[in-house]
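Chains as they are written, first to last, in the working numbering: chain D, 1 to 282; chain W, 1 to 553.
Think of the hints as simulated: they come from the structure by calculation, not from any bench.
The reader is advised that the hints may include incorrect statements.
Here are the computed distance ranges between Cβ atoms for each label pair [said to hold, decoys possible]:
1. Trp-254(D) <-> Asp-438(W): 53 to 63 Å
2. Gly-202(W) <-> Gln-23(D): 57 to 67 Å
3. Phe-45(D) <-> Thr-47(W): 54 to 64 Å
Over the 12 Å line for every Cβ pair with chain W, so calculated as not near, a few chain D residues [claimed, not checked]:
4. Val-32
5. Met-123
6. Ile-143
7. Val-173
8. Leu-278
All C-beta atoms, glycine included, are put in the ideal place defined by N, C-alpha and C.
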Amino acid sequence: MTSPLIERTDAAATAGARLRRVQPTLVLAILVLVVVLAWAVAPGFFTPVDPVQGDAAAALQAPSFRHLFGTDATGRDMFSRTVYGAIHSLSGAIIAVTVGLVLGTLIGVLAGSIGGVADDILMRLVDVLLAIPALLLALSIIILLGFGTTNAAFAVGITSVAAFARLVRSEVVRVRHSDYVEAAFGSGGRYLAVLVRHVLPNSLTPVIAYAALHFGTAILAISTLGFLGYGAPPPTPEWGLMIAEGRNYVATSWWLTTLPGLVVVLVVVSANRLSAALASRR
Amino acid sequence: MALRIPSPRFAAILALSTAAILLAGCADTRTAGSDPAAVGAPITGGTAVYLEQQTYTNLYPPAAGFYPNGGIMNQIADRLVYQDPETLELEPWIATEWKTNETATEYTFTLRSDVTFSDGTPLDAAAVAKNFDLYGRGDADRALTVSEAINNYDHSEVVDASTVKFFFSKPSPGFVQATSTITSGLLSPKTLDLTLEGFGAGNGEDIIGSGPFTITGEKIGTELTLAAREDYAWGPPSVEHQGRAYLDGIQIIVTPEDSVRVGSLLSGQADLIRAVEAQDEKQVEAAGFEVYAPQTNGVNNSLNLRFRHGILSDIRVRQALLAGINRQEVIDTIYTANYPLATSTLSKTALGYVDESATLVYDTAKAEKLLDEAGWTRTGDGIRTKNGQKLTLVVNEAAPQPRSFEALTLISQQLAKIGVDLQILKADAGTYAEAIQDADRVQIYHSIVGRADYDVIKSQYYSTNRNVLLNRNPQDNSIGDPKLETLLEAVASKVTPAERAAADKEVQDYLAAQAYVIPLFEEPQVYSAAGYVQGFGFESVARPSFYNVWLNK
Chain D
1 MTSPLIERTD
11 AAATAGARLR
21 RVQPTLVLAI
31 LVLVVVLAWA
41 VAPGFFTPVD
51 PVQGDAAAAL
61 QAPSFRHLFG
71 TDATGRDMFS
81 RTVYGAIHSL
91 SGAIIAVTVG
101 LVLGTLIGVL
111 AGSIGGVADD
121 ILMRLVDVLL
131 AIPALLLALS
141 IIILLGFGTT
151 NAAFAVGITS
161 VAAFARLVRS
171 EVVRVRHSDY
181 VEAAFGSGGR
191 YLAVLVRHVL
201 PNSLTPVIAY
211 AALHFGTAIL
221 AISTLGFLGY
231 GAPPPTPEWG
241 LMIAEGRNYV
251 ATSWWLTTLP
261 GLVVVLVVVS
271 ANRLSAALAS
281 RR
Chain W
1 MALRIPSPRF
11 AAILALSTAA
21 ILLAGCADTR
31 TAGSDPAAVG
41 APITGGTAVY
51 LEQQTYTNLY
61 PPAAGFYPNG
71 GIMNQIADRL
81 VYQDPETLEL
91 EPWIATEWKT
101 NETATEYTFT
111 LRSDVTFSDG
121 TPLDAAAVAK
131 NFDLYGRGDA
141 DRALTVSEAI
151 NNYDHSEVVD
161 ASTVKFFFSK
171 PSPGFVQATS
181 TITSGLLSPK
191 TLDLTLEGFG
201 AGNGEDIIGS
211 GPFTITGEKI
221 GTELTLAARE
231 DYAWGPPSVE
241 HQGRAYLDGI
251 QIIVTPEDSV
261 RVGSLLSGQA
271 DLIRAVEAQD
281 EKQVEAAGFE
291 VYAPQTNGVN
301 NSLNLRFRHG
311 ILSDIRVRQA
321 LLAGINRQEV
331 IDTIYTANYP
341 LATSTLSKTA
351 LGYVDESATL
361 VYDTAKAEKL
371 LDEAGWTRTG
381 DGIRTKNGQK
391 LTLVVNEAAP
401 QPRSFEALTL
411 ISQQLAKIGV
421 DLQILKADAG
431 TYAEAIQDAD
441 RVQIYHSIVG
451 RADYDVIKSQ
461 YYSTNRNVLL
471 NRNPQDNSIG
481 DPKLETLLEA
491 VASKVTPAER
501 AAADKEVQDY
511 LAAQAYVIPL
521 FEEPQVYSAA
531 GYVQGFGFES
541 VARPSFYNVW
551 LNK
């Protein structure tokens with residue numbers, strides 16, 4: 001590891017270089033996320049068609065200019081359902097990341113700053129959480145809380161608490177023993193004040209990058225739960241649910257699963273690309 | 001198999017014969033399905049691969065109404081009486097003849113004397129008596145229920161080794177037909193000592209019947225292997241084929257995904273499949289495969305309105321739901337010609353059917369008017385409300401029924417137009433089983449029942465049978481509509497066919513007049529088989545029969 005000082009100069013130099021050199025994949029990723037965000041905020045602007053009421057006469061039509069993503073078995077427009085579904089996936093992912101970030105940071109900061117027995121206990125708890133497969137943990141939490149998008153999002157958030165806690169703790173431990181924190185203590189800084197003013201801000205950069213990465217994972221996890229029937233109840237146009245509903249038509253009506261599936265893939269890849277960009281700015 | 005190095009001459013013969021087989025195979029695929037008349041004499045041998053949609057749950061015969069259970073039971077167990085699936089006539093099988101007294105309270109059956117179970121025990125009068133004592137009375141200690149096909153059973157009497165008498169506390173006119181159903185499969189006396197768990201999945205090999213096949217292997221939840229009985233010689237006399245089954249065995253593989261089942265059939269990995277969903281029928285037919293759609297001949301695929309729930313206790317709301325659902329559109333959009341529009345609670349091919357189509361008219365204007373009158377008001381296109389309560393109803397997704405979810409989704413869209421919010425319960429098995437017994441959680445119950453007897457309507461609606469309308473409240477056992485109970489009791493206690501048909505008509509008229517039931521369509525079981533599969537047949541409610549099946553390849 002290089003010293004913090006040299007690292008910062010490096011980062012400043014590359015950041016300057018990056019500004020001059022446009023990265024097409026990053027621009028594309030941001031564009032995808034902006035569009036999907038717009039879908040979530042104002043779906044009616046992108047499609048005039050009702051996502052829940054179908055036209056039975058136009059059932060199972062292949063993608064066309066009229067129905068960009070085709071129609072499903074009861075004649076609902078799949079593009080419209082995908083657009084209206086954005087809000088469920090995005091709000092779910094935001095809840096999941098917030099839960100993971102807030103609880104994980106709290107545990108990580110406490111463990112890293114107090115140290116000793118408290119650190120041991122908290123980290124063993126985190127070990128236990130990590131030992132349980134994420135999907136199984138999420139399912140158990142949903143069974144306890146009941147079905148629904150919010151509960152599914154909360155469950156996905158809980159499963160990521162451990163990973164956030166580990167990351168934050170390691171950063172806090174690193175920063176905690178750096179000279180400027182010792183100096184802050186030495187100059188009479190109170191424990192909490194030093195923690196909030198010096199330790200926390202300097203520990204969070206990799207955590208933010210991880211949160212962006214987790215945003216993509218959360219969309220995927222929420223869709224998985226929706227696919228398995230633990231998320232939003234039908235006829236909500238939730239992405240995972242839509243993919244599940246179309247899976248019996250894979251051989252005859254490929255668009256029902258393929259197109260919403262591609263949208264999920266695009267959003268997740270875009271979130272990952274953004275996360276990579278954020279991480280490299282350290 | 002040991003490897004031997006063949007002599008050059010042997011190798012040449014082998015090559016030639018392989019080429020011949022390959023050529024024959026090619027010719028076969030070209031003609032398969034297109035000319036079924038051009039098949040020769042049945043060939044004995046081979047194993048058929050049969051893909052099931054769901055895993056079986058239990059092989060206690062009265063639980064065999066569930067199609068995956070019945071599909072196995074029909075191969076391993078014989079019945080006293082054979083019901084011709086075409087004519088619905090009752091013909092001799094294990095019983096050579098039977099007679100009853102005038103009040104239908106006593107039945108005497110005379111049995112064949114040459115029948116044995118696959119464990120070697122003889123199928124005699126004592127064994128038959130033991131079977132019906134269990135199916136007719138159940139055994140609460142072992143959690144074994146009374147067969148819903150058998151009513152008013154009292155006791156049996158073994159007259160001699162080949163004669164058995166049954167006594168009933170009240171007339172039980174449906175009993176002879178009941179002995180022909182899959183739920184009266186004859187099992188070995190030892191098997192009858194099992195508990196409900198003993199009959200359950202995982203213990204398939206313990207279930208001993210006298211049928212043309214026996215269970216020889218099981219991978220729990222995924223696979224079941226059946227083998228033909230070499231000494232089987234007691235098929236129903238009216239069936240042309242006698243002696244052992246043509247097939248050596250059947251491999252039943254559970255394949256829940258519709259697209260995977262169809263794909264496996266089309267690619268030749270399976271010989272027969274159950275539950276070809278409507279959207280796949282065209283694809284299967286286009287590829288030259290045979291589609292079979294036998295009818296289930298019982299209570300139609302229907303929505304049962306639980307009239308004891310607050311919202312549905314108003315007949316105007318029930319009538320509005322009936323008038324607000326465009327059943328024809330459901331059939332046209334979701335199903336195919338194999339799913340005829342229902343015209344009564346009972347199917348056209350069921351015994352006792354009467355046409356009630358005059359009461360089943362789609363009329364949204366009438367529906368809206370009825371709801372207005374009932375006090376359910378709406379502003380604009382929203383969901384109707386009354387005293388702050390929303391007009392929201394919950395219907396269960398009937399997972400075993402074809403495309404239940406899609407049909408309900410469409411119906412929910414139709415009802416939204418008249419201001420009714422219909423939600424679909426889609427849940428895991430445990431939650432589901434609990435919810436459907438509670439009118440506060442499921443107000444509309446989607447289901448069917450198949451049985452080719454006048455009694456079938458009683459099976460579906462009677463308080464101590466399926467009780468789908470929840471006329472009997474499961475919490476306090478109170479009865480909501482005593483008149484319905486009386487009418488259903490009449491069905492199961494009248495003696496002559498004419499009287500029973502009249503009783504069935506009364507029930508259908510009453511259900512229609514009260515708008516308790518919204519019948520959707522007459523449900524078939526849709527199967528498909530490769531062109532070389534010959535002799536694939538069904539019992540009277542469309543459960544598969546492999547006894548006559550042979551592979552023309």
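Structure-based check of each hint:
1. Trp-254(D) <-> Asp-438(W): 53 to 63 Å: Violated, since Trp-254(D) and Asp-438(W) (Cβ atoms, about 40 Å apart) do not stay within the stated range.
2. Gly-202(W) <-> Gln-23(D): 57 to 67 Å: holds, 58 Å
3. Phe-45(D) <-> Thr-47(W): 54 to 64 Å: holds, 60 Å
4. Val-32: Nearest chain W Cβ is 30 Å from Val-32(D), so the label holds.
5. Met-123: holds, 35 Å
6. Ile-143: violated, 9 Å
7. Val-173: About 43 Å separates Val-173(D) from the closest Cβ of chain W, which puts it past 12 Å; holds.
8. Leu-278: The claim holds: Leu-278(D) sits with its nearest Cβ about 39 Å from chain W, beyond 12 Å.
Checked against the numbered hints given earlier, this structure breaks hints 1, 6; the rest are met.
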